[in-house]
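6 protein chains.
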Amino acid sequence: MDRVNSGMKGLDEILNGGLPKGRTILVVGSPGSGKTTFVMQFLASGAKAGEPGLYVSLDEKPERLKADLYSFGWDLDGLEQNGKLTFIDATQLRRPAHHIGQGSVEEGAVGLTIPELTLGSLVRTIKRVSAEEATQRVAVDPITSLMLRYPEEPKRRRALLMFFDALESTGCSCIVTSELRTSMLERRFQIEEYLSHGVVLLHTMVHDGNVIRAVQVEKMRGISHDAQLRPYQIGKSGIEVFPKDRVF
Amino acid sequence: MDRVNSGMKGLDEILNGGLPKGRTILVVGSPGSGKTTFVMQFLASGAKAGEPGLYVSLDEKPERLKADLYSFGWDLDGLEQNGKLTFIDATQLRRPAHHIGQGSVEEGAVGLTIPELTLGSLVRTIKRVSAEEATQRVAVDPITSLMLRYPEEPKRRRALLMFFDALESTGCSCIVTSELRTSMLERRFQIEEYLSHGVVLLHTMVHDGNVIRAVQVEKMRGISHDAQLRPYQIGKSGIEVFPKDRVF
Amino acid sequence: MDRVNSGMKGLDEILNGGLPKGRTILVVGSPGSGKTTFVMQFLASGAKAGEPGLYVSLDEKPERLKADLYSFGWDLDGLEQNGKLTFIDATQLRRPAHHIGQGSVEEGAVGLTIPELTLGSLVRTIKRVSAEEATQRVAVDPITSLMLRYPEEPKRRRALLMFFDALESTGCSCIVTSELRTSMLERRFQIEEYLSHGVVLLHTMVHDGNVIRAVQVEKMRGISHDAQLRPYQIGKSGIEVFPKDRVF
Amino acid sequence: MDRVNSGMKGLDEILNGGLPKGRTILVVGSPGSGKTTFVMQFLASGAKAGEPGLYVSLDEKPERLKADLYSFGWDLDGLEQNGKLTFIDATQLRRPAHHIGQGSVEEGAVGLTIPELTLGSLVRTIKRVSAEEATQRVAVDPITSLMLRYPEEPKRRRALLMFFDALESTGCSCIVTSELRTSMLERRFQIEEYLSHGVVLLHTMVHDGNVIRAVQVEKMRGISHDAQLRPYQIGKSGIEVFPKDRVF
Amino acid sequence: MDRVNSGMKGLDEILNGGLPKGRTILVVGSPGSGKTTFVMQFLASGAKAGEPGLYVSLDEKPERLKADLYSFGWDLDGLEQNGKLTFIDATQLRRPAHHIGQGSVEEGAVGLTIPELTLGSLVRTIKRVSAEEATQRVAVDPITSLMLRYPEEPKRRRALLMFFDALESTGCSCIVTSELRTSMLERRFQIEEYLSHGVVLLHTMVHDGNVIRAVQVEKMRGISHDAQLRPYQIGKSGIEVFPKDRVF
Amino acid sequence: MDRVNSGMKGLDEILNGGLPKGRTILVVGSPGSGKTTFVMQFLASGAKAGEPGLYVSLDEKPERLKADLYSFGWDLDGLEQNGKLTFIDATQLRRPAHHIGQGSVEEGAVGLTIPELTLGSLVRTIKRVSAEEATQRVAVDPITSLMLRYPEEPKRRRALLMFFDALESTGCSCIVTSELRTSMLERRFQIEEYLSHGVVLLHTMVHDGNVIRAVQVEKMRGISHDAQLRPYQIGKSGIEVFPKDRVF
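So the sequences go chain by chain: P, Z, W, R, C and S.
Anchor point for the first sequence: position 211 equals 214 in the numbering used here, and the numbering is continuous, going up by one each time.
Anchor point for the second sequence: position 229 equals 232 in the numbering used here, and the numbering is continuous, going up by one each time.
Anchor point for the third sequence: position 37 equals 40 in the numbering used here, and the numbering is continuous, going up by one each time.
Anchor point for the fourth sequence: position 111 equals 114 in the numbering used here, and the numbering is continuous, going up by one each time.
Anchor point for the fifth sequence: position 130 equals 133 in the numbering used here, and the numbering is continuous, going up by one each time.
Anchor point for the sixth sequence: position 118 equals 121 in the numbering used here, and the numbering is continuous, going up by one each time.
Watch out, some of these pointers could steer you wrong.
What the hints assert, rightly or not - Here are the simulated BS3-like pairs of lysine-lysine, each with C-alpha atoms no more than 30 Å apart in a straight line:
{"hint": "1", "chain 1": "S", "residue 1": "12", "chain 2": "C", "residue 2": "239"}
{"hint": "2", "chain 1": "Z", "residue 1": "64", "chain 2": "W", "residue 2": "24"}
{"hint": "3", "chain 1": "W", "residue 1": "69", "chain 2": "W", "residue 2": "24"}
{"hint": "4", "chain 1": "R", "residue 1": "69", "chain 2": "C", "residue 2": "12"}
{"hint": "5", "chain 1": "C", "residue 1": "247", "chain 2": "R", "residue 2": "239"}
{"hint": "6", "chain 1": "R", "residue 1": "247", "chain 2": "C", "residue 2": "247"}
{"hint": "7", "chain 1": "R", "residue 1": "247", "chain 2": "W", "residue 2": "239"}
{"hint": "8", "chain 1": "W", "residue 1": "12", "chain 2": "Z", "residue 2": "239"}
{"hint": "9", "chain 1": "Z", "residue 1": "24", "chain 2": "P", "residue 2": "64"}
{"hint": "10", "chain 1": "S", "residue 1": "158", "chain 2": "C", "residue 2": "69"}
{"hint": "11", "chain 1": "W", "residue 1": "24", "chain 2": "Z", "residue 2": "69"}
{"hint": "12", "chain 1": "W", "residue 1": "12", "chain 2": "W", "residue 2": "239"}
{"hint": "13", "chain 1": "R", "residue 1": "130", "chain 2": "C", "residue 2": "158"}
{"hint": "14", "chain 1": "C", "residue 1": "69", "chain 2": "S", "residue 2": "24"}
Worth flagging that the hints you see were computed from the coordinates, not collected in a lab.
As the structure is a computational prediction, the values presented were derived from the model and not from experiment.
Using the sequences and the hints, build the whole thing.
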């Protein structure tokens, strides 16, 4: 199976090569675990090596993200200007008339009418842009809000499968992020973990009063990998993984 | 990224500078953990340094809060008189006719008609007042009651994003407080934690029969920070954080 | 902030003075933890010192309570006769025709029609009696049944706030008791804990096969206090708190 | 407060006397913990001392119970014949036409029509019989099925209060049994525990692979008691409590 | 109380004799714990000693079960031919037209129409066959599917009581199996455990990485028994219980 | 009972022979535990030995799976060409008009119309193909999506029984995979575990910061087996089980 560098040397070591080329994998993590940093590092390192990347942002505006990640020194603006990095602001796929604070909102005890993104429009946009930009790497961050539209498990399952199918049809190497519901190592699995080609977990654990960050490749089809919890840090240049260390 | 002093030296050390300027962060804590003290200390220290602050109170009347926090010696009344601190009593956005104990209440087994605050009116008020007062710091304490109006997760997610957008549009450095649902370090994450730019957790833990207060910067986009649990105390002058100590 | 003696010397030590005068605090505890003993001791000690008290009983008839607490030697009947202690039997605010066992009850698989207390009538009664009796201390024990009338969290939140407002409007120092839902130190917080001015927890824990009673001041706005778990006992004269001891 | 012997010497020691006379207490336990043995021992010892007892059985037919408890040697049949013990078979308060296996049952996917006991009829029966038999001790075993008729907590609360009121109006010393929902020491409290005058818990715990039976007086209003977990056994003559021993 | 041999010597020792004759007890266990082996061993040993047995199978076809248990060497076919063992295939009480895979099934998103067994028809069948065959021992394995027809607890409670009554009316010694919902020793009790005359738990625990099988007599009315967890194994000839050993 | 080699020597040792011939067993595991690898190794080893196998894929397209498992060196394409291995793409049993991203999708807040597989059509297909190909081994991976169509437990129970019946009617040795809901050894059992002839659990546990893979034969009717947790690894040639080792 062909590989692509993740942009994190230690992770590539854990994977005995890198992420699977042309496949879609899932990165799951708790708040602050570094999901966005992870995927941006993936895209930025690919972009620097000449592989155009596409970042689809569902919750945060790209401008703000670029400012947030500025200190890592990846020069995201520069890569964007060179056409090596494209940002899709999926937070803006809204019906124009509905903005809170401007008077024309329907407010009532039952609920605010809030505009929504649809799976179909997102997929069409991703396919179009990745074709136009000859994209090789795609990140969708996070898919949680999309999946909330399908509260019943059978529909969510199928929506996820169709979404993963659509991403794979682009031929790009894709990473999709998802929110961990609970902080526990002993937890309830999320459907996405079963349906993904690969799953990387970003844990934040407390052990003996210490906060420990650990990455775990839970699953990576077709790739023989180290299954252990390995410590990682979010340092000055991004995420650094320590493939030879134990968590405690 | 520009910074603003939190008003807590130890916390600024953990953050390698201070809170992110112009951004909105979340402070989550259990009852008695010091959320209100935290945000008031943030506003008061800014106000003393010439940065006007705005405190939006959703559950407690400002007069009572000022009395409660009097012993810390921040002279909140003085700052208010000098226009350095403004209080919005959001507990009063009610329909005037409905007060319990005065006879005209609809009471029945199904429920009392209780007036409600709306997200839209709150946002408009915050924008207006912060413009009028040239506010630089804003605190909204707590957002829990607002979010309860959106019981379905997709709507709550979008309401939060729009609320955070609205706060950021003021250009102020904002802190929003939220209630921790359970006391456990091993817990279910709240949506706000994923959608915020930064999250500070105020834990109250019991270890070996000792009650221990610990602050943890769970997330702070764009800022390299210490991720560890650090002890803090609510002392005579406010919250004091011990960035070099371990919790146990 | 002015203080009033709690009637428990050890607790006043933990609070560096006593309970906040004119405020409403919450006492939460498991079955048998001593909630009723706590509030009655508070009222009795105040009454002995000339501060009239008002005890509002929602589940248990005052006559029975006085008999139950007789052995502590507080002479509740005597205090009542001197007008220093008043008892409101809120268990009797019922529609007269509905008593089980007397034939005129609607019984069916769907449910028995059981009369109910309303928040409004209770508040009006408390205000009236406290004014008439020049009350300085009030206890409402427990508020659980009142709050069950508001199963939806937003309404419950507002009902609690309005109830606390009403109690504070009397100008009295008030204690409200509430039932802990689970026995665990690691637990789900109750709304009342967030909305109260102060919270005292009465824990019953099992450690190494020993049953241990511990009091914890979880929160007390405006008062610098000891936050630790401290052992207490229900002895011959009432509750005794040991502020210098550790639980284990 | 006057006392009555429980029939278990060790328990009377824990209670510094015995159970409260004329009051209703609750015994809560897991399956096999000995709830029925407990209350029958209470009634039998009272009956032997000349205090007539009344046993109200809701799940099990009295004939079968007497056979089950035969080996303890309390001569329940003899006591019954002397009028010292009366059994109410509350399992028989059914509409006569509905018996499964005899053809006239409505069966369908939605549910079987099963006859039910009502709270009102049970209370009337208890009052009548206890008056006729000059009863001094009453046991109701278990109340669980009665309480299931009130799934909503406010109604259940009031039904329980009215039931306890009705039992206390008989003037007898009463014990009501209830089923523990979970086996854990760390558990969710049941409403009955808050509303009862006293609560005795019969735990079955597993510690280091050993099954340990422990009795705990969680609550006993008006009585100063030992609050610890104390071991007990179901021996040849009934329940034996060891008030001086520790569980492990 | 008269006894019958369980077919497991170690268990008879724990029970100080054997199972209660003419009563119905419950065996609860996790998957693979040996519930079916347990009841078949009970029936087979009785059948060998001349006590005819009746096995009612609700989930598995008798032919397949006999093949599954063949290796224990109980010669179930032989016993059946001699009329010492009868098998009721309760999996076949279905409406004939509904079989999946044969075309006449109603399939849709809402659900498949699946035929069901009714409690009444099962009881009539058991009574009839046990009378015809002069049965002395009965096993019903498992009752779970029957009880699922009564999702509401009050109805389920009564259905169980009526079912146990019906079994006891046959005069046979009966064992009913039930599925443990969770694997934990600290668990939520099932209604059947409270309503049965006796309960034997078959635990599969993991301790220090070892899988341990333990039998526990949780309850056995009228019989003084060992309450401890005792190890058991499923060996070549069936279940073997070690009444003198500790689990770890 | 006749046996078939599992393709994993260590597992055959645990089973004292191999899997039961002609029966259907269940393999349950967490994400990344190797369920698909397990069943494919079972089919591939059988195919190599001349026993034709049938793989029914419900979530992943066969082409992609073959690519994923390529590195194990089982030559799945070769076996397929020789007619020793057949793949059913059950992901394609969809109504043709419904594909997201192509315009004719009904999208709305309520939900996307997503086509579904039916149990009946799947069973008919399996029977037909296994007859045509003289199949001896069948794998269905995973059954989770099928079972989600029956949210009510009684219907799910019967659907599973009918599905297992249908598989057994083929006369093949079958393995069905299922998703573990939670990662805990202390967990809630799934219905399939009770209804299957045999259950193999693939655990991924964290112990002392180490990720440990363990296989456990929870149940295997008719076969005397080792019940312990045994470590396994996913190595270069597939799953390797270590029947003599302890997990820690």
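Checking against the hints above, which ones are violated? Per hint list: zero violations.
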